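Engineer: Listed below, chain by chain, are the residues.
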Amino acid sequence: MSKISHRFLREGRALPPELEEARLQIQSLARDKYKLDFFETVFEVCTYEEINMLAAYGGFPTRYPHWRFGMDYIEMQKSYEYGLSKIYEMVINTDPAYAYLMDCNLVVDQKLVMAHVFGHVDFFKNNLWFAHTNRKMLDQMANHATRVRDLMDRHGASEVERFIDVCLSLDNLIDPYADHIVRRRPPSQEEVDGAERDRGVVARIPTSSYMDRHVNPKEWLDQQKQAREDALTRMRSFPEEPVRDVLGFLLEHAPLERWQVAILSIIRDEAMYFAPQGQTKIMNEGWATYWHTTMMTADILTDAEVIDYADHHSGTVAMRPGQLNPYKMGVELYRDIERRWNRGQFGKEWLDCDDPRARAAWDTGAMLGREKIFEVRRTHNDVTFLDTFLTEDFCREQGFFTTTRDPRTGQWVVDSAEFKKVKQGMLQMLASRGTPRVFIVDANADNRSELRLVHEHEGLDIQLDWAAEVLGNLAAVWGRAVHLDTWVEGRPTRLSHDGARMTQKARAE
Amino acid sequence: MLPIDRDLQRFRDIVKGRVRKELRRYMSSGELVGRKGNDTVSIPIHSIGTPRLRHGDNKKGVGQGDGDGDGPGEGQQAGDAEGQHVLETELTIEELAEILGEELQLPRIQPKGQKDARTSNPRYTGISVNGPESLRHFKRTWRRALRRTMAGGEYVPERPIVVPIKDDRRYRSSRIKEEPRSAAVVLYMMDVSGSMGKEQKEIVRAEAFWIDTWIRHNYDDVETRFIVHDATAREVDRDTFFRTRESGGTLISSAYKLAMSIIDEHYPVDSWNIYPFHFSDGDNWSQSDTKLCIELVRDRMLPIVNQFSYGQVDSQYGSGQFLKDLTEAFPRDPRVVCSRVANREAIMGSIKELLAGGR
Amino acid sequence: MSAVGDALDAALDREEAGAVEVVAGPHRVRVDVVVPGAVGVRVREVRVDGPPGDVTERAYAIADGARGLGERIVPVEVAPSLGGAVLRTHPDAMDGPEFFDLAVGPGHTTVTRQRRRDDGGREAVPFDLTRRDLRRLVERLAAPTER
Chain A
1 MSKISHRFLR EGRALPPELE EARLQIQSLA RDKYKLDFFE TVFEVCTYEE INMLAAYGGF
61 PTRYPHWRFG MDYIEMQKSY EYGLSKIYEM VINTDPAYAY LMDCNLVVDQ KLVMAHVFGH
121 VDFFKNNLWF AHTNRKMLDQ MANHATRVRD LMDRHGASEV ERFIDVCLSL DNLIDPYADH
181 IVRRRPPSQE EVDGAERDRG VVARIPTSSY MDRHVNPKEW LDQQKQARED ALTRMRSFPE
241 EPVRDVLGFL LEHAPLERWQ VAILSIIRDE AMYFAPQGQT KIMNEGWATY WHTTMMTADI
301 LTDAEVIDYA DHHSGTVAMR PGQLNPYKMG VELYRDIERR WNRGQFGKEW LDCDDPRARA
361 AWDTGAMLGR EKIFEVRRTH NDVTFLDTFL TEDFCREQGF FTTTRDPRTG QWVVDSAEFK
421 KVKQGMLQML ASRGTPRVFI VDANADNRSE LRLVHEHEGL DIQLDWAAEV LGNLAAVWGR
481 AVHLDTWVEG RPTRLSHDGA RMTQKARAE
Chain B
1001 MLPIDRDLQR FRDIVKGRVR KELRRYMSSG ELVGRKGNDT VSIPIHSIGT PRLRHGDNKK
1061 GVGQGDGDGD GPGEGQQAGD AEGQHVLETE LTIEELAEIL GEELQLPRIQ PKGQKDARTS
1121 NPRYTGISVN GPESLRHFKR TWRRALRRTM AGGEYVPERP IVVPIKDDRR YRSSRIKEEP
1181 RSAAVVLYMM DVSGSMGKEQ KEIVRAEAFW IDTWIRHNYD DVETRFIVHD ATAREVDRDT
1241 FFRTRESGGT LISSAYKLAM SIIDEHYPVD SWNIYPFHFS DGDNWSQSDT KLCIELVRDR
1301 MLPIVNQFSY GQVDSQYGSG QFLKDLTEAF PRDPRVVCSR VANREAIMGS IKELLAGGR
Chain C
2001 MSAVGDALDA ALDREEAGAV EVVAGPHRVR VDVVVPGAVG VRVREVRVDG PPGDVTERAY
2061 AIADGARGLG ERIVPVEVAP SLGGAVLRTH PDAMDGPEFF DLAVGPGHTT VTRQRRRDDG
2121 GREAVPFDLT RRDLRRLVER LAAPTER
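In order, the protein sequences belong to chains A, B and C. The working numbering applies: residue 1 is where the first sequence begins, and numbers increase by one. The working numbering applies: residue 1001 is where the second sequence begins, and numbers increase by one. The working numbering applies: residue 2001 is where the third sequence begins, and numbers increase by one.
Where hints are given, some of them may not hold.
Looking from chain A toward chain B, a few residues come up when the C-beta cut is under 8 Å (computed) [to be verified]: (1) T62; (2) F69; (3) M71; (4) D165; (5) N172; (6) A298; (7) P436; (8) Q463; (9) E469.
These are computed hints drawn from the structure, not numbers from a lab. Keep in mind that this is a model prediction, so the values were computed, not measured. In this text, a Cβ means the ideal position worked out from N, Cα and C, and glycines have one as well.
Next up, chain A with everything else stripped away, as it sits in the complex (with noise of 0.2 Å):
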C-alpha cells in the first residue's frame, strides 16, 4: 500500500482497522478476480456535515470562495432531510482518487460503498471522455482556491465575486470533445493583404507528375483560383470555422483585464474538467452499481449479511412499472448487453432474425458479456449507450410498456410503435438535459465588432428568461452587443442583448 500523500480534511482519519481490512479485501476482489482497473484509491471517513461540504463542493475539500456552495450546500442538506437523496459516497477523479464514507453507516454498508466506489474509479479511468481531464485537479482546485483569494484581496471581494457570477452563467459554452487548448488569433493584416495580392496573380505550380500534363490547364487553374477567393473570404471572417468553445475565444479576444483573464480560465478549465461527469451519469452509475452488486453477492456478505443488504437495496435498483429512472436503468442494460454477448444475441443474424422464439431460444455460447461490457463502458456516453442498446426486446422485459394481444395470432405482443416513443423520449430527456448547442459564428457582426452566435437547434427551445441574462453577461463580457440566432416556438428568431435589454426579433432563415 503505497504512502497516501494527502490528509487534507482533518488528521487521524486513517480508517479503522476492520474497515481497512475490508478495503483491502475489496480492492483485491476488485482488481484481482474481477480485472477492475482503477487509480489508487484512499478512503476517508466523515462527518454528515463533511460529506455535505464535499458534496456541495463537487468532492474536492477547497474550492474558491463562493455563494453558489453556500447554496448548494443549504439545498442538499434539505433534500437529505427529506428522504430524497443520501449521500452513501462521494468520490472524485483524480489520481489518486478520493473518496469518502459516511462515518454513520454500518460495515455492511461501507463495504457495498467500497465496492461500488472501485467501479466509479475504474470508469473515470478508462472511459475515453474523461481521458483527457486533469487527474491532479486536488492541486488545481487548491490552486485556483488560492488564486481566486489572492484577486480578491487585489481587487476587491464584490468585484470578483460579481465577475465569477457571470462567468458561471456561460460555464456551460464550451466544448467538451475540445482536448487541447486551440489558439485561434486572427489573422494578422499582411496575410490578408498578402492573400489580396495572390488573388491576381496565378501561379503555375510545377506539377512532377506526368499525368499532370495532360491535365486541362485552364479547368485546373480556375479552381486554384476560387480556392485563394474562399481563402480570402475565410480570413474576413473572423472566426473562420463556427466556434463552440465560447469561454476559450472570449479568453483570446474579449476586452478583458489580466485579472479577468485569470478568473474566466479558472472557470473554463473546472467546467471542462467537470463536463464529461454530465454526459456519463447513467453509465457511471449503471457500471459502479452492478459491481457493487456482483461482488456484495458473490463474495462478500455472508449468509446472514445478504438477507440485511437485499432489505436495504431493494429499493435502489428496483423500478416501478411504466416510471423510467434512467440512473437505474444503467445497471440492467449493463446486465442485458453481457447476458446477449454471453448468448450470442447480437450481429446481422440475429437482427434480421424475427421469430420470437427462436430469438427467445437463442444461445451461442459466445459467452463475450463481460468482455463486451468492458468495451461499452471505455467507448460510449450515455446518449449512444442508449441509443445503441435499448432495444426492443429490454424494453418489454423490463416491462416498460403494455401488452396488447394481436388478433391474427393471438400471442401478446409488445407495440412497436410505442417502442419507438419510449426510446425517442428517453433520448429526448437526455438531450433537453444537455446544454444548448452553441457557436459563435462572427465576431465582427455587422462591421460592429458585435458578437454573433447561433443557436443549432434540435427540437428544443431555449429558455428565454435565462437566456436574457445570459447574453446580458456575455454583452458586458465581450464589451459589445451580441446576438443569438435560433428558433422560437417554430419560428427562426435573433435574440439580441445590447446590455441593457434583450430584444427578439424575426429573421430571415
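Chain A is already provided as a structure; the job is to place chains B and C on it using the hints.
Structural biologist: Using the frame of chain A, we list chains B and C on its own:
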C-alpha cells in the same frame, strides 16, 4: 468550523440583501404569512442561483434541468431539480425584524417606565448569616452543624444527632436576582362583520404578521390576544381570528370593552407594555357608538397603553367614517396611531405608519 | 300593492325635480328626483316606509325583491339587535366603483347609490331607473314578504 461556513455566511448575506430589496413585494404578496416557525421564518427566494443557457418550455416557464458542468461530482446527486427557480431558505425572526426595522426606518421601542423588571417572583439567591427564621436555609445550616459535630469527634453514626448552634445558622438573603425582562401584550381586534371580505382579512393577517415580528424583536416576552367582533365581541385563538366571518352589524365599542376587561384582569400596567391594534373597514353602526368608542379610547385605554393603533382597510365598498372620526377626536395625540390600508400594496406603508412612533 | 304604485306614478307625472312624497294606506314613499321623465327618471334616493316587521326576514326578502335595480343585492350586515340591516350590490356584480346601498329598518327601507372614492371614502351618486322599474321596486319594498 468548516471552510464552507464562509460560503454559507456569504449566501445568507445575499439572501438577506434580497429580502431587503424585495421587502415591499413580500409584504404585498403575503407569502411569508404562515411560514413562521418557532424562531425562524421560511423565505421563498425567487430566481436565485446562476442562470445558464438551457432548454425550456417558454410557455410553461419550466426549465429542463441544469445542463452540464454544474457542480457536484459523483455520488448520488441532489439538486437534479427540474427548472426550479424558487429556493426556500430560513432567516431567524430576529434577522427578519432587523431588515424590517432598517428598511422601514423603525425606531427601537423604549419600553415604558419601570417595566423592565418583572417583580412578581423575587428569587432568593444569596446566603447570609443573619435573617428571619422564615428564611433559614435549612440544608446549609444542617451541613455546617454536621461538619462541626464531626470535627469535634462528637458524631456517633449509630445515634446521629446533630444540634445546630447559633453559629451554624445560615439564612437566605433577599438579594433579588434582577432579570430585567421586558414584556408586551398585543391585543388584536378585528371587525368580522359582513363587509370585511376575504381580501380584507388577508390584509389584516399580513399586517399582524409584521407587527408580531417587530414587537417580538423589541421585547423579551410577548403575549397575544385575539378579539373578533361584529355587534358583539368575543375572544378567540389565532386561527379562528383569521377565519371567522359574521354577518351581523358592526358595533366597534363591543371590541374595545372586551379588550379593556381582558387588560384589567390579566395585564397590570406596571408589568406590561400594552398594545391594542384594531382593524376594521370603518363602518360603525352609528355615530353614537363611535362617540362611545372615542370615550373608551380616551378614558380607559390611553392612560395605560403604549399606543392605541387603528388600521382601516378598504373594501370594495370603499371604507367608512370611523377613521375620520378617530383622527378628528385625537388630532395630535402621539399615543393614537391610525393608518389606512387601501390594498395589499399599501401594507408596507401602513406598517411603517403604525410602528413609526417607537412607542 | 298597486295603490302606492299608482300614487307614485301620478306624482311623478307632474314632472318636477325635487322630493316627491306620496302616502297610500300604511305606506309612504319619498323619491328625491333629480331629473324627471315620462319613461325614466334620475333619482338620488328612494325611501319606503310601512308597517314594521322582523328585520331579518325583511332584509332577506328585500334583497331578493330588489332585483329591479339591475344588480344582485345581498345582505351585508343583518343586525336585529341593533334594529337594522345593510344590503349592498354583491362585489362580483359590481362593474366599477359604484354599488347600491339599502338601509333596512324594522319599517323602512332607504335606497341610494354609492361610489367608492379613490381616497377610500364613499359618496352618494344619483342613479337612473325606468319608471316601470321604479314602480316595481317601490311596490316590492312596500310589501317585501308578500309574494
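Engineer: Return the numbers of the hints above that this structure violates; sort them in rising order.
Structural biologist: 6
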